[in-house]
Structure formats: structure tokens, C-alpha cells
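Student: These are the residues of each chain, in order.
4 protein chains.
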Amino acid sequence: MEDIEIDEVATPELDDPVLIEGLPGVGHVGKLAAEHILEEFDGELVRRVYATEFPPQVSVDDEGVAELTCAEFHAVETDGADLLVLTGDHQAGSNAGHYRLTSTFLDVAAEFGAERAFALGGVPTGELVEEYTVLGAVSDGDLTADLEDAGVEFRADEPAGGIVGVSGLVLGLGGRRGFDATCLMGETSGYLVDPKSARAVLEVLEAVLDLRVDYESLEDRAEEMEEVVGKIREMQEGPAVPDDDLRYIG
Amino acid sequence: MEDIEIDEVATPELDDPVLIEGLPGVGHVGKLAAEHILEEFDGELVRRVYATEFPPQVSVDDEGVAELTCAEFHAVETDGADLLVLTGDHQAGSNAGHYRLTSTFLDVAAEFGAERAFALGGVPTGELVEEYTVLGAVSDGDLTADLEDAGVEFRADEPAGGIVGVSGLVLGLGGRRGFDATCLMGETSGYLVDPKSARAVLEVLEAVLDLRVDYESLEDRAEEMEEVVGKIREMQEGPAVPDDDLRYIG
Amino acid sequence: MEDIEIDEVATPELDDPVLIEGLPGVGHVGKLAAEHILEEFDGELVRRVYATEFPPQVSVDDEGVAELTCAEFHAVETDGADLLVLTGDHQAGSNAGHYRLTSTFLDVAAEFGAERAFALGGVPTGELVEEYTVLGAVSDGDLTADLEDAGVEFRADEPAGGIVGVSGLVLGLGGRRGFDATCLMGETSGYLVDPKSARAVLEVLEAVLDLRVDYESLEDRAEEMEEVVGKIREMQEGPAVPDDDLRYIG
Amino acid sequence: MEDIEIDEVATPELDDPVLIEGLPGVGHVGKLAAEHILEEFDGELVRRVYATEFPPQVSVDDEGVAELTCAEFHAVETDGADLLVLTGDHQAGSNAGHYRLTSTFLDVAAEFGAERAFALGGVPTGELVEEYTVLGAVSDGDLTADLEDAGVEFRADEPAGGIVGVSGLVLGLGGRRGFDATCLMGETSGYLVDPKSARAVLEVLEAVLDLRVDYESLEDRAEEMEEVVGKIREMQEGPAVPDDDLRYIG
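Protein chains in written order, with the numbering used here: chain R, 1 to 250; chain B, 1001 to 1250; chain G, 2001 to 2250; chain H, 3001 to 3250.
Hints in this document: simulated from the structure, not taken from any laboratory. Incorrect hints may appear among the rest.
Restraint ranges, calculated between C-beta atoms of paired labels, are given here [unchecked claim]: (1) B:Glu1219 <-> H:Glu3153: 31 to 41 angstroms; (2) R:Arg177 <-> H:Glu3002: 22 to 32 angstroms; (3) H:Glu3227 <-> B:Glu1227: 44 to 54 angstroms; (4) G:Thr2125 <-> R:Glu148: 44 to 54 angstroms; (5) B:Gln1236 <-> H:Glu3227: 36 to 46 angstroms; (6) H:Glu3063 <-> R:Gly141: 50 to 60 angstroms; (7) R:Gly141 <-> H:Glu3002: 35 to 45 angstroms; (8) B:Glu1111 <-> R:Ala10: 25 to 35 angstroms; (9) R:Asp89 <-> H:Glu3131: 51 to 61 angstroms; (10) H:Glu3077 <-> G:Glu2148: 32 to 42 angstroms; (11) R:Asp89 <-> B:Ala1145: 27 to 37 angstroms; (12) B:Gly1126 <-> H:Glu3227: 45 to 55 angstroms; (13) B:Asp1107 <-> R:Gly141: 45 to 55 angstroms; (14) B:Arg1177 <-> G:Thr2125: 56 to 66 angstroms.
Not the full set, but computed from the structure, chain H residues with beta-carbon under 8 angstroms of chain G [unchecked claim]: (15) Asp3003; (16) Thr3052; (17) Gln3057; (18) Ser3059; (19) Val3060; (20) Glu3063; (21) Val3065; (22) Ala3066; (23) Gly3093.
Glycine included, each C-beta is placed from N, C-alpha and C at the ideal position.
Just chain R, same shape as in the assembly (with noise of 0.2 angstroms):
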């Protein structure tokens, strides 16, 4: 098996796709935002990609059918702009391999002749999230005034650790290669999976992409997490203490 191997599915005909990239992350918000995105447009599976840089794994679907683990990017053509949604189960298990996988999902993004591309994913704030802030970071200071209109925030060395793995180096290698590059990372606890801090990144996707989404089901899973969350609380604290930090869980 070669290092990176890409499996050409289908090579429909794309009007200035977007990339998407949704890889797990803090809070799963770019995956789940990504995922939210193949479930609500009806996306075409066009490329898989394998790397013996990702855990040496399959995953056992319903009917005991085994798939080795691996990225997929989907087509999905929107009221808006054309996307090329890049989704998986795994981020790179060394730096280098984070570097080399990334390229790869550029490579493919530009073969699709994609010019622009959005990092999609979490920030951790360490306590229960009130307003679904979403903060941006560019390749370019040009990008920034239209994300500033769709309500995304720009601090001043934020977020303070900067951004690690694909969405960082979708920035980073993205940017050198003429990419126009954002990343939205919705704030979120850090402690659970968050489809409202997901659905606060799609909000900005919308606007700036002029897409128009339904969260129905994104709502759903947010209730399910509520419930979650409610229960630890009765189970730590006893059912009708409130308190907004989530801190205690580790």
C-alpha cells in the first residue's frame, strides 16, 4: 500500500466549490457542522482517501460489512454555492503526517478546481457556553471584513494556543497555496459534543455562502445532549442545583 491512496469515486463538474473541512475536533462542531451539511443536501460521495497514517482500522457497518478507515470527500450542490465536503473519523497520528494529509485534501480540493476553503471546528472556552460566539482566523486579512458582517469575531492572538492539525494547516499550507482560507471555530465547553456551537458555524457558512439550512435534526441531537448534560448534573450534584460550569467534568 502506498503512504496515501485515493479511491476516484465519481468527477462530477463543480461551479467554484467551497471546500468544507469537518474532521474531528474540540466538541466534534466542524464534524458535526460538516456532517449536518451531507445530511440536509444530497451530496455525492466523489473521493476516499486511505493513509497508513490514520489508525489501522476498519469500522463494522450494520450488516458486519467492514470499511477501512478513511476520509471521504462529498459534492453537494446547494441553493448556494457548490461545496466539497470533506468528512472522516481520524485526524493524522504524527506531525508530518498531518502535514502530508492535508496536502493531499488540497491537492483534491484543487483538482475540483475549489478556490476557497473553510475550516470548520471548535474553540474550548472550560465553561457551560451561553452565546454561540464563532471566532475566525484567515490566510488572508482580506477575508476578513465579510466574515465580520455574518458576525464572526477576530481577537487579537486568539485563540492563544493558535490552531493545530488539518483545519490549522488548511489555513497554513492552504494559504501559501493561493488558497483563500478561513477557519470558524464556534465557542464550545470543551467537555461535550456541541451541535449548538455546530450549528453557529453553519449560520456563518449560510451567510456567507448564501446557503439557506434546516436544523431540525441538529435541534434534536442539541435536546439529546441537554438531557445529557442534565443528568450528570443530577447525578453530581443532585437534581436541582444549577450551576453553568461544566468544569467538574473531566
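Chains B, G and H: place on chain R using the hints.
Tutor: Then chains B, G and H, alone, in the frame of chain R:
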């Protein structure tokens, strides 16, 4: 030394041989099962695979002679199908190493004309197992019917964490190369070497591959293990307290 | 992306430039010293070095613009020697990465005609330092005399564990390639960022390279650090207990 | 820098030289033994082996001069066989690194015409050793008889965990390349540097290779170590309590 080196010890003609993989893993179920096949039938060593991914280690035999860590293929002619049995003492030491080694193992199997593969292993239950169910996963949905006839259970999305290591990749990479690949996972507590689980897995193989296996020596090992379990119980609980849950054995 | 990529930003003519390495390390002594040179003199960015060995990370500036992790070379004309100053936020992530990166750094320095190199760093003492001694190590015994005149101390077999990381390899690989390489290590507690130790190291450079450095801004940072130390003491001991040993700060 | 670089310092003619490997390991037995040979006979440095698998590190000598981490070969003419002695301060940092380095070491030995190799090391007993037995392992069963005559013990399946690191691979890879390779392992507590165990190993070499070794300096080191052991005992037990079990020293 090359990253992987293959010693060609012998190259007998085999009739549609079936790859049987039994490297170390949960409860050593796969390894026990594969080694039991080698004990019961007259196997011929055909290939040794050395790899820089293996630990830098030799084992020392009864005569003080050192043998470099490797994986071995034995050709086994049975009353049913011809087998190509893969055994060894180690898995790879890195993600990429698992991919490269499994690719090599499949190359060897293909060279002998194998088109079917069985990865043998265990799936941990966390409790003492009474009924030794064998879980299955396959590279192709057409394979499940025969396996179900042989008593294999397919449960949606199990094992929950997917299948990891060489066994997972025999399915994942094997399937991608056109092998009809099956993973047979015997339920086992996960805390102890489990010859009974190995027997359950072998009984499936018997049915599917038309073998006839004698289990006497495996039963001896099972009895030894029961004595071990009995002693551990005595040490921890006093002699007469019955308890089927082994979770306290770390 | 290649494992290492070099952006050639500018290629000014330099007169026998001296490589000054100041990557992160003990007490951030080398990094503080190198960055102080860049602040005090009018440096020109000449090379950016990107590497898959660095963390997969971007930092975000005041405007929300992301910059991919890299090491930077600045050309600095001083009243004394011309300098080629190497700074950055990271060392490599593996043994082999350290070797490859340092080789690349020396390639860049050689390309600009450098034949001398100073690796700046700190050496931990485990106690609050009163007298900021600078320890030295060299690639060639002929280099010690001038350094001793500038106050550098050479102590047999110190530092005890050798010199690790890029600084060590600037000596080790640099010496093998014919560089006159020196490592200057300011004594520092090892527990805190130490601008005073950085000043001690710079004062040696001043003498050896005929520079004149202003230390006002470094003194400001030193005062800030003293306030930090004062506060830590108050928190742990109450305000008035004098104790020069900082070992209790893990 | 290449992954491995070899400095050819000298290439004397040697008469059927025997490779003696003494890199760091359990009780530093192999390293002490190999270095004692270099001290007692007039050795000539012939090769330095640098590798990116070694730590990125220089050591600093009495004059403040840095030396890059490497392994060294010395040619040693004795009253008996010619020796090629391999010493150094480090093993490799990864599985693959151990394989590549040992391959290189065997290349160098082959270049000098060596066909026999002795890997020297220690085997931990977990208790203070009274009788310094030397365990053996060989690449070929024909080698055991002469070694048993020299007092070496061969015990079935010992050491239990096999032999790991460069010593193991000198046997494993060396044997595969046709070297007559032997591993001599002096029993040692495993908790302390053990010159007495090194002497036991050397006495076997004396017999097998027809050397005559003086042990005065090694005895001095042994006495130093006994003082250390005595002090540790006093500190932990009070002065007069005899106890041969050292397991309490972590």
C-alpha cells in the same frame, strides 16, 4: 536490512489456499487458534517475514540458539481446504507499520493463489464468558449467509471500536484487493489467555472450510487456565466464594 | 509538501555573517537573546523554513491572519559583525528531525557565507541565580581563549548531560562541516523565563563580535519577571519570608 | 545529513578480527567490558558512526570541546585474536533504528573481514548476585560446545523475554548474514552498574579468544560500587543489617 525481508523457505503447490491469520491480540484467541491448526495438521514452513517494524529482538530456544523476530507462513493440507497459516509473536509498532506489514502478508497470500482470508481474534466482554459466541465481520455482504449458518453472529456496529491491527487490515486492505475476507472474533473476558474462545473460533472454521479438528490439546490448555483462574480467586476471595465476574483482575 | 521547504524572502549581501541561533529552550534564554538582537537592530527577514517536523499548527496575529509555524532567518547589520539570526517557536519533534532541521539551518547559513556560529541557550541550576555566569562549549579548542577573555567559563564535562537539541547540533554538525561553532549557555534557575540570563549571554556576544547592545527593553522584561517571582513567593510563603531557592515551583 | 554517516578514521589490516559489541544496557555490563578491553590494550580508533537515530546531542570534554554523539569502532591487537570493539553512549531511538544501526555495524565489521561477533551484556536477576554466571545465546548450535567449556551456561528459553536491542540483533541479523554470533550475558542485579559482572563476561572472552586481561582497574571500580551499595544500605536500614536482596532500590 530492507524494511521488510521475506525468506522463501518453500513454495509448494496449494489448491485455492485460504489465508488464516492468527497474530497476538485480545485473549490470544487468534494466536491460539492458528497455532492449534499447526499442531493438529502437518504444516510446512513456507515463508518467514522479517520487518524493521517488529521489536529489535531475538528469542532463544532450548539449545540456546537465537531466532530473529519474524512472522511465519505455514502451508497446511487438511481433509478440507488447503490453508496458509500466518503466525508470529508481534504486531507492528506503528500505524504505518501495520499497513505495510499487512500489505506484505496479503502479497504472500496472493502469491500462493489465496483469494479468501480469515482473520482470527478475540473480542473482550469484560466478564467471564459462559457461552462462547463468535462475532463476525466481512469484506463483502455476500459472505455473511454461510457464516451465519455456521453460528457466527453479526451485530450492528459491533465491535463498537471497530477492529484494530492486522486483523482489521486483513479485512480492510484485503477487501480493497479483492480478497473475500472474514474476521472471526471469539468472545472472551479479555483478562486471560482463552483456549475455549479459540476452540469456538476453530469450530466455525471447521464448518466453513470442511475441516475436522481434534481439540484434546486445546482442552488441556483450557484446564490449565481454569486452574489459574481458580487460584487467583482463592488468593483474592478465599476458596469458596463463587463469582463469575473477572473484572477485578487488571 | 516537501519535508522541509525554504521560502527565499531576500538575499542581501552580507560580510562574513555570523549565525546566531536562538530557538526555544531552558529559561527561553536563547530565544530572548536572539529576539532582543532583532528588536535592537534593523533586521531583514531573509528566509522562512517550514518543516513537517514542526507541529501542524498556525499562530494567529492581531488581525486574525494565520501564519504557518516556521523558523526564520533575519539578516542583521550591526556596528560590529553582520549577523544571521535564527529564531522560531519550535524545535523538531523527533531525533531525526533535529538532525535534518539543523542540517538545513547550516545549509542556509553556509549559503550566506557564514563560517562562525553561536548557539544561544540556558543551563539550569535548580536555584535562583545571583551571578549570571555564562558557560561555553566549542567545536574546536582554539576558540576557547577569546571566549574566556569575554568571561565565558569552561568547566570540565559540563553541562553534565551534554547539550541537546538544535543548539547541541549546531556545535556537533556545524563542527563536522567546518563551522567555528560556539554554544553560550547562560545559567538560569530553569523554572522561569529569564531575561537576565539572556542579557549575560548577549554581553558575551557584544565582547566577542564587537556589538553595542542596549538592554532597556530586556530590563523591563526582567522587572516583570521579578514581579512574577515576588507574587509566587507571596502566594506560597506569605510576603516577607526570604528564600532564594525556587525548587518548590514545579 | 544522511541518516547514517561513517567517518573512516583509519583502516589497518586486521587478522580475522572478532567484533566485540559493548553498547549501554542492563548494569552497563557490556559497555564496561568493552571499555575495559580498550583501556587494557592499545586500541586504534578506526570508524565513527553518526546516526539521526541517536539523540540530537553533543557531550562536552574536559577542554569544553563538544563531540557529536556517535558509536566508535576501535581496532585492538591482543596477545590472542585481533578485535574490533564497538562502543558508544546510546542505542537507537526506534525499532527500525535498531535494525538499521545494527546492519551498519555489521557492514563495518564485514569490511574489516570479521566473521565472528560477540555481543556483551547483562541479564537482570533482581537480586544481589553472589556467583557471576554468564548466560549465552548463539546464532548457530555448533558454537555452544566451546562456550560451555569456557563456563558459559545455556538455559532453555532464557532470558525469558528474549534479547533486545543491538545485542539481540547482532545475533539475529548477524546470524542471517553468516556471522558466527554469540551473546554473552553476565548475571547482574539490574539495579547498579556492575563491574564484577563485566569481569565474568571478560573471563569468558579470555578463554574463548585466547586473551590475557588485567582486571586491576575494573576491581577498583567494583570496590567503588560496593561502597555505594554499602552506603545505600546504611541509609535505608541502618549500618549492620545484612540483606542480599536489592529489590528495594528502584
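Student: For each hint, tell me whether it holds in the structure or not.
Tutor: Now the hints, each set against the structure:
no., hint, verdict
1, B:Glu1219 <-> H:Glu3153: 31 to 41 angstroms, "holds (36 angstroms)"
2, R:Arg177 <-> H:Glu3002: 22 to 32 angstroms, "holds (30 angstroms)"
3, H:Glu3227 <-> B:Glu1227: 44 to 54 angstroms, "holds (48 angstroms)"
4, G:Thr2125 <-> R:Glu148: 44 to 54 angstroms, "holds (49 angstroms)"
5, B:Gln1236 <-> H:Glu3227: 36 to 46 angstroms, "holds (43 angstroms)"
6, H:Glu3063 <-> R:Gly141: 50 to 60 angstroms, "holds (53 angstroms)"
7, R:Gly141 <-> H:Glu3002: 35 to 45 angstroms, "holds (42 angstroms)"
8, B:Glu1111 <-> R:Ala10: 25 to 35 angstroms, "holds (33 angstroms)"
9, R:Asp89 <-> H:Glu3131: 51 to 61 angstroms, "holds (57 angstroms)"
10, H:Glu3077 <-> G:Glu2148: 32 to 42 angstroms, "holds (40 angstroms)"
11, R:Asp89 <-> B:Ala1145: 27 to 37 angstroms, "holds (29 angstroms)"
12, B:Gly1126 <-> H:Glu3227: 45 to 55 angstroms, "holds (52 angstroms)"
13, B:Asp1107 <-> R:Gly141: 45 to 55 angstroms, "holds (52 angstroms)"
14, B:Arg1177 <-> G:Thr2125: 56 to 66 angstroms, "holds (60 angstroms)"
15, Asp3003, "holds (7 angstroms)"
16, Thr3052, "holds (4 angstroms)"
17, Gln3057, "holds (5 angstroms)"
18, Ser3059, "holds (4 angstroms)"
19, Val3060, "holds (5 angstroms)"
20, Glu3063, "holds (5 angstroms)"
21, Val3065, "holds (5 angstroms)"
22, Ala3066, "holds (4 angstroms)"
23, Gly3093, "holds (5 angstroms)"
Figure legend: structure checked against the earlier numbered hints; every hint is met.
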